[in-house]
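A.B. asks: Input sequences plus hints: build the corresponding full structure.
If you read the sequences in order, they're chains W and D.
Here the first sequence stands for residues 0 to 208, numbered as in numbering that gives the first Met the number 0.
Here the second sequence stands for residues 0 to 281, numbered as in numbering that gives the first Met the number 0.
Where hints are given, some of them may not hold.
What the hints assert, rightly or not - No more than 20 angstroms apart at the CA atoms, straight line, and that leaves these computed lysine to aspartate or glutamate pairs for EDC-like:
(1) Lys122/W / Glu77/W
(2) Lys197/D / Glu62/D
(3) Lys223/D / Glu27/W
(4) Lys103/D / Glu79/D
(5) Lys223/D / Asp163/W
(6) Lys77/D / Glu61/D
(7) Lys103/D / Glu226/D
(8) Lys223/D / Glu40/D
(9) Lys223/D / Asp150/D
(10) Lys101/D / Glu79/D
(11) Lys137/W / Asp201/W
(12) Lys197/D / Glu27/W
(13) Lys77/D / Glu62/D
(14) Lys187/D / Glu27/W
(15) Lys15/W / Glu118/D
None of these hints come from the bench; they were simulated from the model.
Computed from a predicted structure; not experimentally measured.
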Amino acid sequence: MRRLIAGLWLFAACTKDPSAGFVQTKAEARNYDCQRLSQAEAHERYPGVVPEVPPRGTYGSTDALICSRRVLDWGDREGRDEAILNSLGEQVSELTRLATSTAPEHTTWYVDSFYPQPQVAQKIAIAARVGLVERGQKVSDRVPLLGGGDIAVLARLPPGQAYDLACRRYFAESVLARGEAFLALMIVDARESQLHAGVCLDGAWRWLL
Amino acid sequence: MIRLLVISFVAAAMSACVTVYQPVTTLQRPVTVDPGLPNLEGLNLLVRCVPSGDGADQGESEELCQNMQQLYSNQGAKVETEVPEEEGGGATKGGFEDWGEKAKPDLVIELRARRLHWENSPVLWALCYASLTLVPAITEATFAQDVSIRDADGFLLIQDTLQARFIRYFGLGFWAVNGLLDLLVRPKGQGLVGNNHKTDFSRDFHGQMSQLAFHARMRERVLKSFEPEPVRPVEGQEGGPPPKGKAKKGSAPPVTAPPAPPTPSRAPLTAPPPPPPSGSKP
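C.D. replies: What follows is the structure, given as structure tokens:
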């Protein structure tokens with residue numbers, strides 16, 4: 000009898016299944032972010048929804064598929080922006096962790112991001128500033144700028160040379176001084192959806208990731 | 000006549016399967032590389048498909064490696080494949096590899112499949128047969144594909160896990176209703192009956208694998224501070240890869256634009272690598 004009830008329950012549960020079916024299309028089903036957890040872990044996180052593991056074990060499934068509907072559907076934003084923003088927290092956290100390990104304590108940080116969409120670039124820069132502040136760093140709101148002549152030259156160089164030269168110019172023009180570091184976050188190829196970063200410190204450019 | 004009808008019904012019922020594919024983790028992430036373009040031009044890749052118990056046996060691993068070879072070859076890479084005899088055999092595990100007389104690859108892509116979940120209720124199968132397959136029997140499995148990409152020295156460039164869930168409904172009623180919905184209601188590309196799950200999974204998987212390989216390539220270049228890549232003459236041609244274009248962005252250093260579209264002849268991709276649950280595995 001228990002098996003029959005379990006089977007009927009499983010059948011009824013299909014109506015809540017996040018996969019495509021009678022009630023939702025494949026495109027709609029893709030807008031769920033899911034993860035599979037053990038029943039014990041799922042119960043710990045969602046005690047009202049997932050029952051506790053019985054002390055004598057269970058028959059059948061002992062894990063749970065936890066899904067949440069995305070706030071913005073895939074496709075609402077441009078693909079690269081979506082991919083970057085979707086993992087912005089993790090990417091920026093990793094990059095700021097690496098950045099802080101390159102500079103001495105009490106360094107003042109300047110941050111800018113180089114990304115084709117200005118709105119997304121701004122979000123990246125703000126996330127990096129917040130990430131640095133959370134790590135106890137002193138962060139300036141000011142963005143270091145170079146003159147028009149420098150920009151004209153830099154724009155013609157490939158990224159490998161442009162950032163290095165820009166860093167030297169920042170220092171030569173006293174835009175940055177000793178004890179100040181510039182963290183730049185960027186993509187270097189239009190086909191990428193991952194962020195790279197480099198640090199300009201004492202006139203020397205260093206790629207982080 | 001009745002016997003013929005019964006046989007036809009049984010035959011129809013036996014083949015009445017609908018497999019639904021659902022991307023679980025990262026497979027639905029947007030892809031910004033076009034797998035049809037030479038994103039990996041001039042690279043030497045080693046693709047290693049490690050067989051692992053529940054996830055992929057030796058044969059499936061070989062099929063996966065062949066598939067990846069075709070995927071990356073179409074993007075301009077020179078691809079070697081390797082399927083270790085058993086789990087762990089010949090795999091990097093992050094250590095230094097002695098390449099000996101073999102050509103040192105630029106990237107080593109290692110794939111390991113795992114089966115995370117398997118559900119197949121005997122009660123539902125009993126109900127299915129008792130109702131002449133009007134009540135569907137449901138078999139569900141979730142697979143994970145662990146991808147790690149290293150350089151030839153074993154430095155880890157990219158690590159990711161792609162997860163997919165496959166739900167197979169067996170039953171004439173379910174199949175017939177979905178067939179009708181595909182025909183009359185669902186827009187093109189949203190159908191569930193037939194091999195749609197394979198097409199969808201293949202598109203997602205190939206897209207993500209292309210993106211990961213491209214990211215690894217870019218990360219390697221950045222970590223090496225854009226050292227000039229060694230010029231590898233292509234067969235029948237001289238010189239290296241074409242120079243990349245540049246895009247200007249405000250007062251910032253430039254973000255490079257994608258290279259010009261290539262025009263090499265490319266073979267079409269074959270069937271997707273890991274098959275959905277077939278019910279043959281306990």
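A.B. asks: Lys77/D and Glu62/D were given as a pair; does the straight-line alpha-carbon distance stay at or below 20 angstroms?
C.D. replies: Holds. Lys77/D to Glu62/D sits at ~18 angstroms (cutoff 20 angstroms).
A.B. asks: Hint check: Lys15/W vs Glu118/D, CA-CA at most 20 angstroms. Holds or violated?
C.D. replies: holds (16 angstroms)
A.B. asks: When you check the alpha-carbon spacing of Lys223/D and Glu40/D, does it fall within 20 angstroms?
C.D. replies: holds (18 angstroms)
A.B. asks: Just to be careful, I want the Cα atoms of Lys223/D and Asp163/W compared with a cutoff of 20 angstroms; is the pair within it?
C.D. replies: Roughly 13 angstroms between the alpha carbons, so the hint for Lys223/D and Asp163/W holds.
A.B. asks: Checking one constraint from the list: CA of Lys187/D to CA of Glu27/W, max 20 angstroms. Satisfied?
C.D. replies: Measuring from Cα to Cα gives roughly 14 angstroms; hence the hint holds.
A.B. asks: Checking one constraint from the list: CA of Lys197/D to CA of Glu27/W, max 20 angstroms. Satisfied?
C.D. replies: holds (18 angstroms)
A.B. asks: Could you grab the alpha-carbon distance between Lys197/D and Glu62/D and see if it respects the 20 angstroms cut-off?
C.D. replies: Holds, at roughly 14 angstroms.
A.B. asks: Regarding the pair Lys101/D and Glu79/D, is the alpha-carbon distance no greater than 20 angstroms?
C.D. replies: Holds, because 11 angstroms separates the two Cα atoms, which is no more than 20 angstroms.
A.B. asks: Given the hint that Lys137/W pairs with Asp201/W, test it: the Cα-Cα distance must not exceed 20 angstroms.
C.D. replies: holds (17 angstroms)
A.B. asks: Just to be careful, I want the Cα atoms of Lys103/D and Glu79/D compared with a cutoff of 20 angstroms; is the pair within it?
C.D. replies: Roughly 11 angstroms between the alpha carbons, so the hint for Lys103/D and Glu79/D holds.
A.B. asks: Is Lys223/D within 20 angstroms of Asp150/D, Cα to Cα?
C.D. replies: holds (11 angstroms)
A.B. asks: Taking 20 angstroms as the top limit, are the C-alpha atoms of Lys122/W and Glu77/W close enough?
C.D. replies: Holds, because 15 angstroms separates the two Cα atoms, which is no more than 20 angstroms.
Of the hints listed earlier, the one the structure fails to meet is number 3.
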